[in-house]
Every structure is written in structure tokens, then in C-alpha cells.
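Those protein sequences? They're chains A and B, same order as listed. Numbers given in the working numbering equal positions in the first sequence, counted from 1, plus 1. Numbers given in the working numbering equal positions in the second sequence, counted from 1, plus 60.
Note that these hints are calculated values from the structure, not bench results. Some clues are possibly wrong.
[What the hints assert, rightly or not] Below, simulated EDC-like cross-link-like pairs (lysine to aspartate or glutamate); rule was C-alpha separation at most 20 Å, straight line:
#1 A/35 / B/463
#2 B/419 / A/111
#3 B/514 / A/246
#4 A/44 / B/404
#5 A/141 / A/176
#6 B/514 / A/111
[What the hints assert, rightly or not] Take a look, some chain A residues computed to stay more than 12 Å from chain B by CB distance:
#7 145
#8 207
#9 249
#10 262
#11 274
[Claimed, not checked] Computed, partial: chain A to chain B, Cβ under 7 Å:
#12 385
#13 391
#14 392
Quick reminder that beta carbons are idealized off the backbone N, C-alpha and C, glycines included.
Spelled out, the chains give:
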Amino acid sequence: MSSDAHGNSGGMTSTTLGRPTRWTDGSMERLVAKRYAAERRFKFFGLLAVGLSVAFLAFLLITMAWKGAGGFTRTEVRLSLDFPRSDLMLDQAALKGPEASQAVAGARLDAVINQAAVAQFGESGDELFGGASIRRLGEKLIADPDLVTKRIELWLPASSKADVAGKGDGDPAIEQLLDKADHRLRFNPTFLTSSDATDASLVGIWGALKGTFLTILVTMLLAFPIGVLSALYLEEFAPRNRWTDLIEVSINNLAAVPSIIFGLLGLAVFLNFMDLPRSAPLVGGLTLALMTMPVIVIAGRNAIKSVPPSIRDAALGVGASKMQVVFHHVLPLALPGILTGTIIGMARALGETAPLLMIGMRAFIATPPGGIVEPATVLPVQIFLWSDEVDRGFVEKTSAAIIVLLVFMLLMNGLAIYLRNRFEQRW
Amino acid sequence: MSLSIALVAILVIAVAAGLFARNRATGLRSGGARLNSLPNYHATFVGMSALIPAVLFLAIWTPVQSRLVGGAVMASPAAQALPEFEMTRDTILAEARDIASGAIQAGFNPESTALAPIYAEAGARYSAIGGGIAILIALVGAYFALRKVKVDFRARTGVERAVLALLVIASLIAVLTTLGIVLSLLFESLRFFRLVSPTEFFFGTTWSPQMAIRADQAGSSGAFGSIPLFWGTAFIGAIIAMIVAIPLGLMSAIFLTQYAPHRVRAWLKPILEILAGVPTVVYGYFAALTVAPLIRDLGISIGITSASSESALAAGLVMGIMIIPFVSSMADDSIAAVPQAMRDGSLALGATKSETIKKVVLPAALPGVVGGVLLAVSRAIGETMIVVMAAGLAANMTANPFESVTTVTTQIVQLLTGDQEFESAKTLAAFALGLALFVITLILNLIALRFVRKYREAYE
């Protein structure tokens with residue numbers, strides 16, 4: 002290190018003044034002090050640049066956490082329901098039968114809730130309850146059909162409007178209404194278990210998570226083998242000729258092509274030419290695989306390159322064929338590096354949105370996909386769709402979904418760093 | 061469904077033939093012969109001979125079969141009676157297919173229920189034919205390969221040749237992808253330029269891609285002048301974002317490589333890299349929800365009444381921050397490549413550290429830094445989600461950062477989401493924009509890589 006240069010640098014700069022060094026009149030000291038001040042300023046600017054970047058990251062993460070924390074909770078309001086005296090058309094036999102969910106869907110539960118709410122909280126009391134309240138009541142009734150004969154007190158999740166008000170950010174009129182009612186804040190299981198919906202109190206990320214999982218699975222199954230095999234070919238077998246140059250140039254360029262171009266490719270080739278189903282994880286995975294493959298090839302080539310030639314020479318020396326050298330020795334040694342690169346590429350694919358918009362994954366999908374050819378959406382696209390919603394209730398849902406996405410990204414990147422530190426050998 | 065049964069049967073045949081071949085080879089060896097290849101290579105060779113041709117046949121057969129089944133169904137009297145209108149007919153056919161495969165119980169259209177058994181019957185017939193042929197191919201392949209299991213047969217060479225072919229095919233996929241991008245963009249762009257003249261597209265200054273629905277409609281003849289889009293793209297990606305990213309990225313790199321103690325660097329560098337790992341949709345949401353209102357209020361407070369809540373500044377600022385780690389790591393690499401001797405020489409002459417950096421290290425690293433910045437610009441102008449969410453849709457030609465501009469990528473998303481008719485100039489325009497974007501980023505990347513490489517050679 003050169004940190005000891007500070008001590009003796011002062012005496013050697015007389016040339017800048019053009020005359021002999023004169024330490025007596027203090028001009029040299031002033032010059033040195035000025036230069037040291039410039040040095041400190043420069044270092045401070047460096048620190049400031051790093052500090053600003055880190056501060057921005059912190060600001061982003063804290064804003065998201067702050068706004069998103071509410072997405073994991075919901076406001077619940079206590080409502081007393083008197084089933085025998087309401088006009089609910091639902092009997093115990095139907096609730097116990099196999100058609101219970103249809104019976105509940107057919108019964109006008111919303112009217113029952115509205116009636117009870119108006120009776121309890123005044124004229125606009127029904128605004129406190131919405132889709133989530135109806136769904137919760139239905140679940141309760143199916144779980145315990147005897148309820149329909151009783152008068153009960155229930156904690157029901159509030160409507161999206163009342164939920165926003167309950168978290169101190171909504172319409173003052175509703176807030177007043179809510180203050181009169183008995184309400185509490187509880188963990189919101191719906192957010193993790195259900196899918197997209199038009200009502201903010203009903204939405205969840207499970208459908209999007211499942212779509213993401215299927216898409217990334219397709220991506221990995223395609224991009225990893227293809228990427229590793231082409232890295233092996235280019236590094237170990239390819240002759241130096243124009244053909245190989247063409248492959249190399251293609252891979253390096255593909256790694257820098259904007260992701261939206263891959264979306265256009267997917268739209269033109271997979272959807273319009275090959276007629277694969279729109280919005281399906283299969284097409285999304287194919288598109289993302291083409292995008293991720295170059296990243297894996299480049300990481301793989303670096304990992305293969307770092308395996309020392311002595312390993313290859315030794316294996317060749319004991320009579321292994323070229324193919325045996327590569328698959329028995331080079332590949333296993335390079336694998337940790339390749340895996341690290343693959344995980345980083347997958348993390349990038351996981352957060353990718355634009356190409357998936359192009360292939361129609363922005364449709365409103367209210368049921369989780371059952372397979373790779375069924376319509377699905379993925380988490381980043383879900384975030385994009387929710388960010389466009391007008392309903393205030395979606396703001397915290399969007400931020401909460403972002404928290405989930407960021408947690409996944411951090412986990413994947415953490416795994417990559419762990420793998421790198423744990424298994425990568427320095428030769 | 062019966063095709064997947066055929067696939068399983070082929071797999072079973074391949075595995076069985078492989079095991080049989082291994083037994084035979086082991087038998088030869090224990091009989092005292094010295095084999096050219098290990099028994100496992102014989103097994104793999106036989107297995108591959110059974111598997112590969114049969115699976116290739118299945119891959120070709122599958123689309124052929126669906127066409128044959130479709131033809132058989134259309135020829136049936138029930139299908140002849142279907143309505144003429146293509147969309148209704150296709151819906152009914154798709155429903156019938158789903159009923160036949162068991163995906164749904166009953167169709168929305170009553171006609172589909174009648175068609176379903178015809179579908180099922182034709183499907184069963186053709187997949188029995190295809191599956192039968194595939195199994196036959198597998199058996200023939202296994203038989204001929206098994207006959208080759210002999211002492212001096214070079215099974216390993218055969219296997220290795222096949223693996224090498226696999227490697228070549230895998231590496232060709234990158235070339236095919238590039239080719240696919242270029243061809244699909246070119247093809248659709250040519251169709252676009254048949255509708256709209258290239259002069260208008262490249263030099264026009266009005267962008268309003270609404271085609272008239274009726275010929276006599278006023279004010280919506282459609283204008284495809286892309287200049288405002290390219291200006292907006294350059295303004296956000298190459299100007300505002302770079303004003304943020306270059307100083308911050310460069311100074312971060314200098315601080316981390318030249319000043320920070322080792323342990324601080326070990327912590328700060330991964331933290332900076334997190335900035336690069338945050339998904340762009342998160343940046344977009346952040347820009348639209350948090351940064352844009354702040355910028356608008358700032359604009360209004362300094363007296364710019366036209367300050368928009370979808371300002372170029374908000375999108376550019378956030379994009380710049382996203383690019384910081386990219387610029388920083390490129391600068392890091394170029395600074396690290398400057399020979400230590402040059403630094404030592406400067407320090408030995410009595411220069412301070414910052415003087416050394418400013419007068420020696422940075423000039424020496426400049427080509428690399430410039431290359432890195434060009435790569436960063438290429439990444440910024442191709443970035444989509446931030447501008448889709450935070451920049452506007454109004455195609456303004458303004459240099460006021462508080463106003464709204466639109467970009468190429470925003471317009472591509474805008475043109476291709478929503479209702480799509482593939483023939484309209486509106487949809488095709490997206491491909492022309494994509495082609496332009498592809499060419500621009502390609503040129504930027506090539507120049508940047510040339511810069512980086514040339515200068516690296518200078519010090520090696």
C-alpha cells in the first residue's frame with residue numbers, strides 16, 4: 002500500500018513553483034495545506050458518492066417495507082349476525098352436503114352482512130364490509146353449519162376502503178365510522194394464499210408465485226443444460242475459426258440485448274409462428290431461457306477457464322479421452338462457479354417483467370395455474386398490474402408483493418455468494 | 061395421451077436394450093476378451109441408438125398429428141354444420157379438443173359436445189399410428205446397435221461423437237436466437253414500412269399511432285414520426301441517467317478501490333451490487349409512487365408550472381441510480397488494470413493520492429471507463445419498466461426535465477399490450493421500433509467492447 006506517501010511528499014514539489022523551495026516564508030506550507038485539503042475533499046466526494054448510493058438503497062428498501070408492511074395485515078371488524086331473523090336462504094343440510102360452497106355462493110351473504118352492518122353501525126355501515134368479509138363468512142358457515150341457527154358475533158375482514166382507513170390513510174368519513182365499530186388489526190392469510198382479484202381486500206400473491214415458480218422452472222431446465230454445454234464446447238472443443246467467432250459474437254451480443262427485444266422475439270416466434278398458448282409459463286420460460294442462457298455461458302466459460310491445465314494434462318496422461326477429461330474432471334471442478342453464475346442469471350430472470358408483458362402475461366388471472374400451458378402471471382408482472390390500480394388498497398398490496406419479490410432475490414443472491422465462498426477453489 | 065405412453069415405452073426399450081448390451085459386453089469381458097470400450101459405453105451406445113431416432117420421430121410427428129386430427133374432424137359431418145364465422149368455429153373446436161382430452165367437463169357451446177368424441181376417436185387413431193411407428197423405430201435401432209456389441213467395436217467413439225454433436229447443437233442455439241431476433245424484427249419491420257414510409261418513420265416529428273377506424277374520421281390518420289421517441293429515450297437514458305450515474309459510479313469506484321480499507325470494501329461492494337439486483341419493476345414503482353411526486357412538487361415550488369407527475373427527471377434519476385453499480389464495476393475493472401508501476405511512479409514524485417488518481421490513473425483508465433459508460437447507456441436506453449411506469453406517454457420534444465417525455469420502450473409496450481390485430485400498422489410499428497433499438501444497442505455495445513479490448517491490450 003502507498004499510504005506512507007503522505008509523510009514525505011511535501012518536500013518534493015518545489016518544481017510547481019519554478020523556484021527553490023523556501024520553507025521560511027510559509028508559502029510552501031500554505032501550498033501543502035491546500036494540496037492536502039484537495040486530497041481530503043476528493044476522498045470526501047468518494048465517500049459521499051458511496052454514501053449517496055447506499056442511502057438511496059436504504060431509502061428504497063425502507064419505503065417499500067414501510068408501505069408494504071400493511072399488506073400483510075388486515076383490519077377486522079366485529080359484527081353481530083342474527084341468522085334466524087335475517088332473510089338468509091340457507092339451511093344446515095345444504096351446508097353439510099357436498100355442494101356446500103355452491104350453496105354459500107348462491108345465498109345472498111352480502112345482503113345479510115349489509116343488513117346487519119346498517120343495523121349496527123348506521124346508514125353507511127355496509128361500506129365497512131366487502132368481498133373479503135363475504136368470503137370469510139362463507140368459510141365460517143361451511144366449517145360450522147350450525148351457525149345458521151344462531152345469533153353470533155364474528156370478526157370479519159373489512160372492505161378495502163375500511164382497511165385503508167383502519168391503517169390511518171383513508172377517507173375520514175369511513176375512519177369515523179370505523180372508530181365507532183369494534184375493530185382490530187390481524188395477520189392477513191389471504192394475501193399469501195389467494196390470487197389476483199378485482200377487490201383489493203381479496204387479492205393474494207399465491208397465483209403469481211406459482212406462475213413464477215413454473216416459469217423459472219422451465220427457464221432453468223432449458224437454460225442451464227444448454228448454457229453449460231455451449232460453455233464446454235466453446236472453451237474445450239471449439240476450433241479457432243470463423244464459425245466459432247460467430248457463436249462467440251452472438252453470445253456476447255445476446256447478453257447485452259435489451260430484455261424487451263427478447264419479448265418481441267417471443268411474441269413473433271413462439272406465439273405468432275409456433276402458435277404456443279398465450280400467457281403460459283411455457284412461453285415465458287422459453288423467452289427467459291433465451292435471455293438467461295448467454296449469462297450462464299459467460300459465467301460457465303470463466304469457471305471452466307479457471308480450472309488449471311495441469312488437471313487436464315494429468316487426466317490425458319493416464320489415458321482418458323478428451324470427452325472423459327472434460328466430463329469427469331473439468332466439469333465437476335468448474336461446477337460451483339457455473340452454479341453461482343446460473344443462480345445470478347435466474348435471479349435476474351425472476352425479476353424480469355418487460356419480455357413477459359410482450360407475450361401476454363399481463364392478463365387478469367384469478368386462479369393459480371395448474372400446469373405450464375395454462376394462463377398464468379408472475380410476481381413482477383403482478384406488481385406492475387397492481388401498481389396501475391386506482392383503488393388505494395392496492396398500494397400496500399403492491400409494496401407487500403415487492404417485499405416478497407425482494408426477499409426471493411436476496412435469498413437467491415445470498416445462496417450464490419454462499420456457494421462462491423464455500424466451494425469455489427482458487428488454484 | 062397415447063403419445064406419452066409411446067414415449068415411456070421408448071424409454072423402457074432404450075434402458076432395457078442398454079442393460080442387455082452391458083450384460084453382453086460384461087459377458088465378453090469375463091470370457092477373457094479385451095474390449096475396446098467399457099461395457100457402460102456399449103450400454104450407452106445401444107440406448108442412444110434406440111432413443112434418439114425414435115424421439116426425433118415423435119417430435120416431428122406431434123405437430124403433424126394435430127394437423128391430421130384437425131383435418132379428420134373438419135371432414136366429419138358434425139363439423140360441416142358449424143357456423144361459418146371463424147372465431148366462433150375456432151372456439152367450438154378448441155372446446156371440443158379440451159373435452160376430448162378431459163381438461164374440461166362440458167363446453168360453453170353445445171356443438172362442442174357432439175364434436176368431442178370425433179376428436180377423441182381421431183386423436184386415438186393417429187396417436188396409435190405415430191406411437192406404433194416410433195416404438196418400431198426404437199426396436200429397430202436397438203436391434204442393429206445390439207448386433208454391434210463385439211470385442212473390437214468402438215462404442216466409446218460413437219458415444220463421444222454423439223455427445224460432441226450435442227455440444228455443437230447447444231452452442232448453435234445462441235446463433236439461432238440472434239438470427240431469430242434479427243429475422244423476426246426485420247420481417248415485421250418490412251411489413252410496417254410497406255404501410256408507412258421509412259422517411260416518415262425516421263424523420264417525422266409527430267408520433268400518434270392511432271389509425272383511423274373509418275376513412276372519414278378526423279384527426280386520427282396516424283402519425284409515425286419516431287424522432288420524439290428517440291429524443292425522449294436519449295434524454296432520459298443517455299443524459300439524465302448518466303448525469304446521475306457517471307459521477308456517483310466513478311467516485312464510488314475510486315473510493316472503493318483507492319481509499320476504502322479492505323474490510324469496508326468487502327461490505328460496501330456487495331451492498332452496491334444489491335442496487336443492480338433490485339428488479340426494474342420495483343424501481344419503476346418507486347419512481348412512480350415516491351420520486352415522481354417529490355420532483356413535481358419541487359418543480360412547482362421553483363416556479364415551473366408545467367411540472368408533470370410523469371416527469372423525465374423522475375424516470376432518469378431512478379434509472380441513473382439503477383446504473384450506478386454497473387458504471388462502478390466497469391470503472392473498477394479499468395482502474396484495476398492500470399499498472400501499479402504508473403501509480404508508484406507518480407507517488408514517488410510526491411503527488412498526493414488524489415493527484416495521482418486525477419492525473420495518472422484516470423487518464424490511463426479513460427478508454428475503459430468510456431467503454432463502460434457506453435455499455436451503461438446501451439443498458440439505460442433498453443430499460444423498459446422504469447420508463448413504462450414513471451415516464452409518460454406524451455411524445456414531447458422538450459428539454460425541460462420536469463415535463464413528460466416518452467421513450468421507445470414505453471411505446472413498444474404501449475403498442476403491443478391491449479388489443480392486438482397483427483396486421484395493423486400500430487402493432488407492426490412496435491417491431492420497427494424494436495429493430496431500431498436493437499441496432500442502436502448493438503452498435504453501442506460493439507464500440508464499447510472495442511474500446512475496452514483495445515485499451516486492455518495496451519497494458520498487457
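Quick rundown of the hints versus the structure:
{"no.": "1", "hint": "A/35 / B/463", "result": "43 Å, violated"}
{"no.": "2", "hint": "B/419 / A/111", "result": "75 Å, violated"}
{"no.": "3", "hint": "B/514 / A/246", "result": "18 Å, holds"}
{"no.": "4", "hint": "A/44 / B/404", "result": "19 Å, holds"}
{"no.": "5", "hint": "A/141 / A/176", "result": "27 Å, violated"}
{"no.": "6", "hint": "B/514 / A/111", "result": "72 Å, violated"}
{"no.": "7", "hint": "145", "result": "31 Å, holds"}
{"no.": "8", "hint": "207", "result": "19 Å, holds"}
{"no.": "9", "hint": "249", "result": "9 Å, violated"}
{"no.": "10", "hint": "262", "result": "5 Å, violated"}
{"no.": "11", "hint": "274", "result": "8 Å, violated"}
{"no.": "12", "hint": "385", "result": "5 Å, holds"}
{"no.": "13", "hint": "391", "result": "14 Å, violated"}
{"no.": "14", "hint": "392", "result": "14 Å, violated"}
When each numbered hint is compared with the structure, violations occur for hints 1, 2, 5, 6, 9, 10, 11, 13 and 14.
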